[in-house]
Amino acid sequence: MPTTLFSTLTESDKNDSIKRLIEDSTPHDDFFLMTVLAVLMAALGLLIDDVAVIIGSMLIAPMLSPILGLSLGVVMADSKLIFRSFWTVVKSLAWAIPIAAIATLIFSSQAELGVELNNSILSRTEPSIINIAIAVVAGAAASFALIKPKLSATLPGIAISVAIIPPIAVTGIGLARFDWAMMTDSFILFVVNAISIVFASMIVFSLMNLYVKRAVADHVIDKEDKVLEKEKAKAEKNAGKEEKKIKILEKVDKVLEKVGKE
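My numbering puts the sequence shown at residues 35 to 296.
Calculated cross-link-like contacts (lysine-lysine; reagent style DSS-like; alpha-carbon spacing at most 30 Å):
| # | residue 1 | residue 2 |
| --- | --- | --- |
| 1 | Lys48 | Lys264 |
| 2 | Lys257 | Lys271 |
| 3 | Lys281 | Lys271 |
| 4 | Lys266 | Lys278 |
| 5 | Lys125 | Lys266 |
| 6 | Lys184 | Lys53 |
| 7 | Lys279 | Lys266 |
Pair ranges (Cβ atoms, derived):
| # | residue 1 | residue 2 | range |
| --- | --- | --- | --- |
| 8 | Lys125 | Asn152 | 27 to 37 Å |
| 9 | Leu93 | Lys184 | 16 to 26 Å |
| 10 | Val225 | Ala249 | 28 to 38 Å |
| 11 | Leu71 | Val124 | 10 to 20 Å |
| 12 | Lys53 | Asp213 | 39 to 49 Å |
| 13 | Val261 | Leu93 | 18 to 28 Å |
| 14 | Asp84 | Lys271 | 36 to 46 Å |
It is worth saying that the hints were derived from the structure and are not from the lab. Glycine included, every Cβ here is placed at the ideal spot set by N, Cα and C.
Produce the entire structure from the sequences given, and follow the hints as far as they go.
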(Lines of atoms letter the chains of each structure in order from A and count residues from 1; the text may use other names and numbers.)
(Lines give C-alpha, C1' and ligand atoms only; values in the text may rest on other atoms or scores of the structure.)
Protein backbone atom coordinates (compact mmCIF):
# COMPACT_ATOMS: atom_id res chain seq x y z
CA MET A 1 0.00 0.00 0.00
CA PRO A 2 1.53 3.35 -1.06
CA THR A 3 2.24 5.93 1.62
CA THR A 4 2.56 9.71 1.52
CA LEU A 5 4.75 9.92 4.62
CA PHE A 6 7.88 10.78 2.65
CA SER A 7 6.67 11.43 -0.89
CA THR A 8 5.03 14.75 0.02
CA LEU A 9 8.27 16.29 1.26
CA THR A 10 9.58 19.11 -0.92
CA GLU A 11 13.22 20.02 -1.40
CA SER A 12 12.47 23.34 0.26
CA ASP A 13 11.13 21.54 3.36
CA LYS A 14 14.29 19.47 3.57
CA ASN A 15 16.60 22.46 3.14
CA ASP A 16 14.69 24.53 5.71
CA SER A 17 14.71 21.72 8.28
CA ILE A 18 18.46 21.18 7.89
CA LYS A 19 19.05 24.91 8.24
CA ARG A 20 16.82 25.11 11.33
CA LEU A 21 18.45 22.09 12.97
CA ILE A 22 21.98 23.40 12.49
CA GLU A 23 21.03 26.89 13.65
CA ASP A 24 19.34 25.50 16.78
CA SER A 25 22.38 23.39 17.63
CA THR A 26 25.00 26.08 16.97
CA PRO A 27 27.16 26.49 20.09
CA HIS A 28 26.16 30.07 20.91
CA ASP A 29 26.51 31.23 24.49
CA ASP A 30 22.72 31.43 24.79
CA PHE A 31 22.48 27.72 23.85
CA PHE A 32 24.74 26.76 26.74
CA LEU A 33 22.94 29.16 29.06
CA MET A 34 19.56 27.56 28.30
CA THR A 35 21.03 24.08 28.74
CA VAL A 36 22.56 24.98 32.11
CA LEU A 37 19.30 26.61 33.26
CA ALA A 38 17.32 23.55 32.15
CA VAL A 39 19.60 21.14 34.04
CA LEU A 40 19.61 23.43 37.08
CA MET A 41 15.82 23.55 37.04
CA ALA A 42 15.69 19.76 36.66
CA ALA A 43 18.10 19.29 39.58
CA LEU A 44 15.95 21.47 41.85
CA GLY A 45 12.81 19.65 40.74
CA LEU A 46 14.45 16.30 41.43
CA LEU A 47 15.59 17.41 44.89
CA ILE A 48 12.03 18.31 45.90
CA ASP A 49 10.46 15.47 43.88
CA ASP A 50 8.30 17.87 41.86
CA VAL A 51 7.25 16.35 38.52
CA ALA A 52 5.91 19.66 37.15
CA VAL A 53 9.27 21.38 37.62
CA ILE A 54 11.09 18.46 36.00
CA ILE A 55 8.76 18.60 32.99
CA GLY A 56 9.29 22.35 32.74
CA SER A 57 13.04 21.86 32.62
CA MET A 58 12.67 19.53 29.62
CA LEU A 59 10.56 22.10 27.78
CA ILE A 60 13.27 24.78 27.85
CA ALA A 61 16.22 22.48 27.09
CA PRO A 62 17.76 22.77 23.58
CA MET A 63 19.83 19.57 23.95
CA LEU A 64 17.76 17.54 21.48
CA SER A 65 18.96 19.64 18.53
CA PRO A 66 22.70 18.75 18.62
CA ILE A 67 21.84 15.07 19.17
CA LEU A 68 19.71 15.14 16.02
CA GLY A 69 22.50 17.11 14.35
CA LEU A 70 24.92 14.32 15.22
CA SER A 71 22.56 11.81 13.62
CA LEU A 72 22.22 13.96 10.50
CA GLY A 73 26.00 14.23 10.27
CA VAL A 74 26.36 10.45 10.37
CA VAL A 75 23.73 10.02 7.63
CA MET A 76 25.51 12.60 5.46
CA ALA A 77 28.98 11.27 6.37
CA ASP A 78 29.76 14.88 7.24
CA SER A 79 32.65 14.91 9.72
CA LYS A 80 32.31 18.65 10.25
CA LEU A 81 28.69 18.35 11.39
CA ILE A 82 29.44 15.25 13.50
CA PHE A 83 32.30 16.93 15.36
CA ARG A 84 30.38 20.19 15.74
CA SER A 85 27.31 18.49 17.22
CA PHE A 86 29.34 16.16 19.44
CA TRP A 87 31.42 19.05 20.81
CA THR A 88 28.25 21.04 21.56
CA VAL A 89 26.87 18.13 23.61
CA VAL A 90 30.17 17.58 25.46
CA LYS A 91 30.58 21.27 26.29
CA SER A 92 26.96 21.43 27.48
CA LEU A 93 27.61 18.49 29.84
CA ALA A 94 30.83 20.06 31.09
CA TRP A 95 28.88 23.17 32.15
CA ALA A 96 25.63 21.58 33.29
CA ILE A 97 26.81 18.71 35.51
CA PRO A 98 28.96 20.86 37.85
CA ILE A 99 26.13 23.42 38.11
CA ALA A 100 23.71 20.65 39.14
CA ALA A 101 26.26 19.47 41.72
CA ILE A 102 26.64 22.98 43.18
CA ALA A 103 22.85 23.37 43.38
CA THR A 104 22.65 20.05 45.22
CA LEU A 105 25.26 21.12 47.76
CA ILE A 106 23.39 24.38 48.40
CA PHE A 107 19.78 23.18 48.45
CA SER A 108 19.81 19.50 49.45
CA SER A 109 19.37 20.37 53.14
CA GLN A 110 16.39 22.64 52.39
CA ALA A 111 14.90 19.88 50.25
CA GLU A 112 15.42 17.49 53.17
CA LEU A 113 17.16 14.99 50.91
CA GLY A 114 18.98 12.57 53.16
CA VAL A 115 20.50 9.16 52.57
CA GLU A 116 17.23 7.86 51.17
CA LEU A 117 16.63 9.10 47.63
CA ASN A 118 13.19 10.00 46.28
CA ASN A 119 11.51 8.16 43.41
CA SER A 120 12.22 10.91 40.87
CA ILE A 121 15.96 10.49 41.36
CA LEU A 122 15.93 6.70 41.63
CA SER A 123 14.00 6.31 38.39
CA ARG A 124 16.86 8.09 36.55
CA THR A 125 19.45 5.58 37.79
CA GLU A 126 17.89 2.45 36.34
CA PRO A 127 18.51 2.08 32.58
CA SER A 128 16.17 -0.49 31.04
CA ILE A 129 14.90 -1.86 27.74
CA ILE A 130 11.79 0.29 28.16
CA ASN A 131 13.96 3.43 28.34
CA ILE A 132 15.65 2.40 25.10
CA ALA A 133 12.29 1.78 23.42
CA ILE A 134 10.98 5.18 24.53
CA ALA A 135 14.11 6.92 23.24
CA VAL A 136 13.92 5.11 19.89
CA VAL A 137 10.27 6.06 19.41
CA ALA A 138 10.95 9.64 20.50
CA GLY A 139 13.97 9.89 18.19
CA ALA A 140 11.92 8.73 15.22
CA ALA A 141 9.10 11.12 16.10
CA ALA A 142 11.48 14.07 16.64
CA SER A 143 13.31 13.59 13.34
CA PHE A 144 10.06 13.16 11.42
CA ALA A 145 8.45 16.22 13.05
CA LEU A 146 11.58 18.25 12.33
CA ILE A 147 11.24 17.73 8.60
CA LYS A 148 7.46 18.16 8.49
CA PRO A 149 6.70 21.88 9.09
CA LYS A 150 3.13 21.15 10.20
CA LEU A 151 4.38 18.85 12.97
CA SER A 152 7.04 21.15 14.45
CA ALA A 153 4.68 22.10 17.29
CA THR A 154 4.96 18.53 18.61
CA LEU A 155 8.71 18.80 19.28
CA PRO A 156 8.36 20.10 22.88
CA GLY A 157 6.18 17.11 23.75
CA ILE A 158 8.74 14.77 22.20
CA ALA A 159 11.51 16.42 24.24
CA ILE A 160 9.51 15.67 27.39
CA SER A 161 8.97 12.02 26.47
CA VAL A 162 12.63 11.26 25.81
CA ALA A 163 13.77 12.90 29.07
CA ILE A 164 17.46 13.51 28.36
CA ILE A 165 17.82 16.39 30.84
CA PRO A 166 16.89 14.70 34.17
CA PRO A 167 19.63 12.02 33.91
CA ILE A 168 22.21 14.79 33.45
CA ALA A 169 20.87 16.52 36.56
CA VAL A 170 21.02 13.25 38.52
CA THR A 171 24.64 12.85 37.43
CA GLY A 172 25.34 16.24 39.03
CA ILE A 173 23.45 15.21 42.17
CA GLY A 174 25.56 12.05 42.35
CA LEU A 175 28.72 14.13 41.95
CA ALA A 176 27.71 16.34 44.87
CA ARG A 177 27.04 13.28 47.05
CA PHE A 178 30.18 11.46 45.86
CA ASP A 179 27.88 8.62 44.87
CA TRP A 180 29.73 7.08 41.94
CA ALA A 181 27.05 4.43 41.34
CA MET A 182 24.41 7.16 40.94
CA MET A 183 26.70 9.13 38.65
CA THR A 184 27.54 6.24 36.35
CA ASP A 185 24.02 4.79 36.21
CA SER A 186 22.38 8.13 35.42
CA PHE A 187 25.05 9.05 32.88
CA ILE A 188 24.68 5.65 31.22
CA LEU A 189 20.94 6.34 30.96
CA PHE A 190 21.67 9.65 29.22
CA VAL A 191 24.13 8.00 26.83
CA VAL A 192 21.71 5.15 26.07
CA ASN A 193 18.91 7.64 25.39
CA ALA A 194 21.16 9.74 23.15
CA ILE A 195 22.39 6.71 21.16
CA SER A 196 18.83 5.46 20.76
CA ILE A 197 17.69 8.85 19.45
CA VAL A 198 20.61 8.93 17.01
CA PHE A 199 19.85 5.39 15.80
CA ALA A 200 16.14 6.06 15.20
CA SER A 201 16.64 9.46 13.60
CA MET A 202 19.33 8.04 11.28
CA ILE A 203 16.72 5.67 9.86
CA VAL A 204 14.18 8.48 9.37
CA PHE A 205 16.73 10.87 7.83
CA SER A 206 17.88 8.11 5.47
CA LEU A 207 14.31 7.36 4.37
CA MET A 208 13.92 11.08 3.65
CA ASN A 209 17.06 11.00 1.45
CA LEU A 210 18.77 13.73 3.45
CA TYR A 211 22.16 12.16 2.76
CA VAL A 212 22.21 14.04 -0.57
CA LYS A 213 21.93 17.40 1.23
CA ARG A 214 25.48 17.59 2.56
CA ALA A 215 26.24 20.71 0.50
CA VAL A 216 23.29 22.48 2.12
CA ALA A 217 24.48 21.49 5.60
CA ASP A 218 28.06 22.63 4.94
CA HIS A 219 26.82 25.99 3.62
CA VAL A 220 24.71 26.59 6.74
CA ILE A 221 27.58 25.51 9.04
CA ASP A 222 29.99 27.93 7.34
CA LYS A 223 27.43 30.71 7.66
CA GLU A 224 26.79 30.00 11.36
CA ASP A 225 30.52 29.72 12.09
CA LYS A 226 31.05 33.17 10.59
CA VAL A 227 28.29 34.53 12.82
CA LEU A 228 30.00 32.94 15.83
CA GLU A 229 33.35 34.50 14.89
CA LYS A 230 31.74 37.93 14.56
CA GLU A 231 30.07 37.55 17.96
CA LYS A 232 33.37 36.55 19.58
CA ALA A 233 35.23 39.41 17.90
CA LYS A 234 32.59 41.87 19.07
CA ALA A 235 32.74 40.49 22.63
CA GLU A 236 36.54 40.74 22.66
CA LYS A 237 36.36 44.29 21.32
CA ASN A 238 33.88 45.31 24.02
CA ALA A 239 36.03 43.62 26.67
CA GLY A 240 39.05 45.60 25.40
CA LYS A 241 37.11 48.84 25.69
CA GLU A 242 36.12 48.00 29.26
CA GLU A 243 39.75 47.26 30.15
CA LYS A 244 40.82 50.61 28.73
CA LYS A 245 38.13 52.39 30.75
CA ILE A 246 39.26 50.64 33.92
CA LYS A 247 42.90 51.58 33.28
CA ILE A 248 41.94 55.22 32.67
CA LEU A 249 39.92 55.28 35.89
CA GLU A 250 42.83 53.77 37.80
CA LYS A 251 45.17 56.46 36.45
CA VAL A 252 42.66 59.16 37.39
CA ASP A 253 42.43 57.71 40.92
CA LYS A 254 46.21 57.73 41.27
CA VAL A 255 46.41 61.35 40.08
CA LEU A 256 43.69 62.37 42.55
CA GLU A 257 45.52 60.56 45.37
CA LYS A 258 48.74 62.45 44.58
CA VAL A 259 46.88 65.76 44.45
CA GLY A 260 45.21 64.97 47.77
CA LYS A 261 48.57 64.19 49.41
CA GLU A 262 50.10 67.43 48.10
